[in-house]
Amino acid sequence: MTTFLRKRIVSSAIPLVVVVLGVFCLARLTGSPVNLYLPLSATAEQRAEFAAEHGFDQPVLVQLWDYVLGALRLDFGESLRTGQGAGEMVLAAFPATLQLAAVTMLIAIAGAVLIGSLAAYRPNSPADRTASFLSMTAASIPDFWFAIMGVLVFGVSLALLPTSGVDGGAEVWVLPIATLLIRPFGVLVQVVRGAMVAALSAPYVKLARSKGAGERRVVFGHALRNATVPALTVAGDLTIGLVNGAVVVETIFGWPGIGKLMIDSILQRDFAVLQAAVLLTAVTIFALNILIDVCYALLDPRVRQTAPA
Amino acid sequence: MLSSAPAATGHRPGSPDRPRRAPLRKFLRRAVVLTTAAATLSGCAVANSGSTGDAGAADGATLRIVLTQEPPTLEPCESSLTSTGVVVRSNISEPLIERDPTSGALRPLLSTGWRQSSPTTWTFTTRPGVRFHDGRPFTAEDAAFSIDRAVNSDLACNVDGYVFEGRDLGARADDANTLTVTTAEPDPILPLRLSFVKIVPRGTSTAAKVREPVGTGPYSIADWQTGVSISLRRNDDYWGPRPAFPAARYVWRGESSVRAAMITKGEADIAAGLDPEDADADHSVAYPNNETTALRLDGREAPLDDIRVRTAIGLAIDRRGITDALLDGLAEPAAQLVPEGVVGFNPAMTAPPPDPEAARRLVAEAAADGVPVDRPITLIARNAQFPRVSETAEALQYQLNQVGLRVRIQLADTAEHLQYQLRPMPVDAGPVALLIMHGNQAGDAAFTTSQYLISDGPQSNFGTPELDERIARADGLSGRARQDAFAAIFAAERETVAQYAYLAHMRGLLGIAKSVRYEPNSATGDELRLAAVTPADGQVR
Chain G
1 MTTFLRKRIV
11 SSAIPLVVVV
21 LGVFCLARLT
31 GSPVNLYLPL
41 SATAEQRAEF
51 AAEHGFDQPV
61 LVQLWDYVLG
71 ALRLDFGESL
81 RTGQGAGEMV
91 LAAFPATLQL
101 AAVTMLIAIA
111 GAVLIGSLAA
121 YRPNSPADRT
131 ASFLSMTAAS
141 IPDFWFAIMG
151 VLVFGVSLAL
161 LPTSGVDGGA
171 EVWVLPIATL
181 LIRPFGVLVQ
191 VVRGAMVAAL
201 SAPYVKLARS
211 KGAGERRVVF
221 GHALRNATVP
231 ALTVAGDLTI
241 GLVNGAVVVE
251 TIFGWPGIGK
261 LMIDSILQRD
271 FAVLQAAVLL
281 TAVTIFALNI
291 LIDVCYALLD
301 PRVRQTAPA
Chain Y
1001 MLSSAPAATG
1011 HRPGSPDRPR
1021 RAPLRKFLRR
1031 AVVLTTAAAT
1041 LSGCAVANSG
1051 STGDAGAADG
1061 ATLRIVLTQE
1071 PPTLEPCESS
1081 LTSTGVVVRS
1091 NISEPLIERD
1101 PTSGALRPLL
1111 STGWRQSSPT
1121 TWTFTTRPGV
1131 RFHDGRPFTA
1141 EDAAFSIDRA
1151 VNSDLACNVD
1161 GYVFEGRDLG
1171 ARADDANTLT
1181 VTTAEPDPIL
1191 PLRLSFVKIV
1201 PRGTSTAAKV
1211 REPVGTGPYS
1221 IADWQTGVSI
1231 SLRRNDDYWG
1241 PRPAFPAARY
1251 VWRGESSVRA
1261 AMITKGEADI
1271 AAGLDPEDAD
1281 ADHSVAYPNN
1291 ETTALRLDGR
1301 EAPLDDIRVR
1311 TAIGLAIDRR
1321 GITDALLDGL
1331 AEPAAQLVPE
1341 GVVGFNPAMT
1351 APPPDPEAAR
1361 RLVAEAAADG
1371 VPVDRPITLI
1381 ARNAQFPRVS
1391 ETAEALQYQL
1401 NQVGLRVRIQ
1411 LADTAEHLQY
1421 QLRPMPVDAG
1431 PVALLIMHGN
1441 QAGDAAFTTS
1451 QYLISDGPQS
1461 NFGTPELDER
1471 IARADGLSGR
1481 ARQDAFAAIF
1491 AAERETVAQY
1501 AYLAHMRGLL
1511 GIAKSVRYEP
1521 NSATGDELRL
1531 AAVTPADGQV
1541 R
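In order, the protein sequence lines correspond to chains G and Y.
According to this note's numbering, the stretch in the first sequence is residues 1 to 309, in order.
According to this note's numbering, the stretch in the second sequence is residues 1001 to 1541, in order.
To be clear, the hints were calculated from the coordinates, so they are not data collected in a lab.
Keep in mind it's a predicted model, so treat the numbers as computed, not measured.
Treat the hints loosely; a few may be bogus.
Here are a few chain G residues that sit away from chain Y, every Cβ distance over 10 Å (derived from the structure) [claimed, not checked]:
no., residue
1, N35
2, A42
3, L72
4, G77
5, Q84
6, S140
7, D143
8, V219
9, F253
10, P256
A few chain Y residues that face chain G, going by a derived Cβ cut-off under 10 Å, partial list only [claimed, not checked]:
no., residue
11, A1058
12, G1060
13, P1072
14, T1102
15, F1164
16, G1203
17, T1204
18, T1206
19, A1208
20, V1228
21, R1233
22, D1237
23, Y1238
24, T1264
25, Q1451
26, S1455
The beta-carbon is built from N, C-alpha and C at its ideal position, and this holds for glycine as well.
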């Protein structure tokens, strides 16, 4: 397991480094932030001074080196936009996104396992067809449209929920989570259903049934355990994809998370905040990948033996 | 045989199923624990008790406003930025003088009077009995300090660039209530320019911009929950009339339909910047916002270097069609860069109806003289600059193509658009028609001409020495002569330079709940005065 873990860490660290360095370099290709932050009347000297003060006058490799050195000291620089510490801004925004992602995935996994298993238990039954249709629809609905419809229907017309915001009780969570949930839930139901249909027709399930195992034990004890592996892999990818979905949710509902912060940083060429946000997100995804791999290996010992070098 | 059956179902220790069951359980248990822990640990950052919404309860005591975005700073010298100014100006920080957005007249605020004692010297009397939010008294020394800080310091304040165009000022306090301001050149509109300088107490940092300032305004900052809300409290020691609401709270939502929904639902009292499709007669009101849209044509590049082609573009545009069909009638066809109400507006200039035949003739004439009219012109528009901006760009593309030009559209974000908008502009971009939106909130044509019309203006591609001279002369005039000179400049520009193909004078849409009364004006988009808002019953809380 230690060897497996070491190999996984090395192979997962490569994309982490590529993403962080790629964003650093690509951000600088989008143009200088000087125009956004200095007044129209700024002289060439003031522009040069601004660039020097923030290190933009240095070659990209020197800027990159400074960034890496700073990051090792946990110094991510200051936001050009707000003057606050970039690391501080990112750490303040991150928990809000983490909360959304965690709760969303928990609900998605639990719901998908239940509905996917029930649908797979009687393939092509009305329940299965309904579940398949609804899950495919859910996976296809644009989250932006769903969010706005949610606001108009449940916020305005029915007045059951607040339109947006984070200040309140459980009710403020409903629409953001529903919006974030809809796609992973739809995909997971289909994955679990597909895996369960295959598992329930596998020889070992037939063997278990022939030996007198109860149906609950067959479904949840035998078939589901094997169907969990593909579902887990997809769930991991979906969790990582939630950062993208979070941008929409956070923008529409005023949720102060990292997705919105990242988009604002890109639009405002606020490089320090963007880099800090990408680094933290990449590290989180890295950790998540390792966690998924470990879970995967624990569930299926063959994985441990075939881990890439 | 029967005795072995139970073991075969998986209960037998050492069966193939056994070792894999524990990890599954462990995984599920860990997943639940991790998720719960993550949600709990970070829970306090987002979810609090109570269910009044971010903007607060509809208790009538808090004025709840939903903005389009969170201000990056409340620094007073950045209040010419819309997102900052809409919160700061005349609410938290005040200037010496304010401009009436409707009449254009200057009114005393922290200055009770002013006079020009020489062409380059102005004397202001400052208001006695005014205190900053921290209790310190306001004096002429604070005014001198604030002017010096905003205009002469190394802070690179936006007000310095947008309003003073980099000119340095001399500011000194002669006594506690007398301030003298000197300019290098005569500046007849200095008091108007100073209406953009917000007063801060001496001792405010001159090395770094402040995020949360101290001011003299009717409200002070109570709490800024970054990412969530800004709360203001009424300044009970305010020198002027007491505002109706004891508190105000700002939240921000990027989506217009959500802002509109918050008004309909009663979660907010005022919503900024609604899109036309989100407006309804009961909850929204349109107002002229002093913004004008136009195509800025790069006259340095063929075929736009030929005035016949530039004129043809002006003739090809169906302004009324665009304002009616795409801007929902919330705009008026424009013939110049400033709307009515701005000193220098030329009432004799009217937006011509589209004349594609005449435009085609001009293009054909230019082509016959060797102008490469089939060279593609890049029409660059900015995302979200105004509602339906991309559809407007498509309509313009179609109309210009119809008269024999070739146009391709490029949509840009703000930073990219600024690269084309400001000097130094890209030199290898080819012929560019930049869709701009210019807001003249200061109320004087000088702020437009110095940016957009002089040959080397920060936002101008080209011009003529004659027009530059006329602009410089007009800038030294005052009163009626100033009005006439700038009005003539706008007419001359269209005839002799034609750098712009004008599109529309825009209007803003404000969401207003039935619970409050407020009449928006041309400054509302940049300066939403809380003291001008009252509860529907008119009572001071």
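Now for the hints, and whether the structure bears them out:
For N35 (chain G), the non-interface assignment is contradicted: its Cβ lies about 4 Å from the closest Cβ of chain Y, within the 10 Å cut-off. Its closest Cβ contact with chain Y, about 6 Å, brings A42 (chain G) to no more than 10 Å, contrary to its assignment away from the interface. Non-interface call for L72 (chain G) relative to chain Y: holds, since the shortest CB-CB distance, roughly 26 Å, exceeds 10 Å. In this structure G77 (chain G) is separated from chain Y by more than 10 Å, as the shortest Cβ-Cβ distance comes to about 15 Å.
At roughly 8 Å from the closest C-beta of chain Y, the C-beta of Q84 (chain G) falls inside 10 Å, breaking its exclusion from the interface. With a least beta-carbon separation of about 22 Å from chain Y, S140 (chain G) lies farther than 10 Å from that chain, consistent with its non-interface assignment. Against the 10 Å criterion, D143 (chain G) stays outside the reach of chain Y, whose nearest CB is about 13 Å from its own CB. The Cβ of V219 (chain G) lies farther than 10 Å from every Cβ of chain Y, with a closest approach of about 13 Å, so its non-interface assignment holds.
The beta carbon of F253 (chain G) is not kept farther than 10 Å from every beta carbon of chain Y, the shortest such distance being approximately 8 Å. With a least beta-carbon separation of about 3 Å from chain Y, P256 (chain G) fails to lie farther than 10 Å from that chain, contradicting its non-interface assignment. With a least beta-carbon distance of about 12 Å to chain G, the hint placing A1058 (chain Y) at the interface is violated under the 10 Å criterion. Interface hint status for G1060 (chain Y): violated, as the beta-carbon distance to the closest one in chain G is roughly 19 Å, over 10 Å.
Interface hint status for P1072 (chain Y): upheld, as the beta-carbon distance to the closest one in chain G is roughly 4 Å, under 10 Å. Interface hint status for T1102 (chain Y): violated, as the beta-carbon distance to the closest one in chain G is roughly 27 Å, over 10 Å. Satisfaction of the interface hint for F1164 (chain Y) is found here, the shortest Cβ-Cβ separation to chain G being roughly 7 Å, below the 10 Å cut-off. Nearest Cβ of chain G to the Cβ of G1203 (chain Y): about 18 Å, over the 10 Å cut. The hint is violated.
The closest approach between the C-beta of T1204 (chain Y) and any C-beta of chain G is roughly 14 Å, which is over the 10 Å cut-off, so the hint fails. Here the hint on T1206 (chain Y) is broken, as its CB sits about 15 Å from the closest CB of chain G, past 10 Å. Among the interface hints, the one on A1208 (chain Y) holds; its C-beta lies about 7 Å from the nearest C-beta in chain G, closer than the 10 Å criterion. Using the Cβ-Cβ criterion of 10 Å, the hint placing V1228 (chain Y) at the interface with chain G is satisfied: the shortest such distance is roughly 6 Å.
For R1233 (chain Y), the shortest C-beta to C-beta distance to chain G is roughly 18 Å, which exceeds 10 Å, and the interface hint is violated. Checking D1237 (chain Y) against chain G: minimum C-beta separation of about 29 Å lies over 10 Å; hint violated. Nearest Cβ of chain G to the Cβ of Y1238 (chain Y): about 28 Å, over the 10 Å cut. The hint is violated. A cut of 10 Å between beta carbons decides the hint on T1264 (chain Y): the least distance to chain G is about 5 Å, and the hint holds.
Hint status for Q1451 (chain Y) relative to chain G: holds, with the closest Cβ pair at about 7 Å, below 10 Å. The criterion of a C-beta within 10 Å of any C-beta in chain G is not met by S1455 (chain Y), whose closest approach is roughly 16 Å, and the hint is violated.
When held up to the earlier numbered hints, the structure conflicts with 1, 2, 5, 9, 10, 11, 12, 14, 16, 17, 18, 21, 22, 23 and 26 and fits the remainder.
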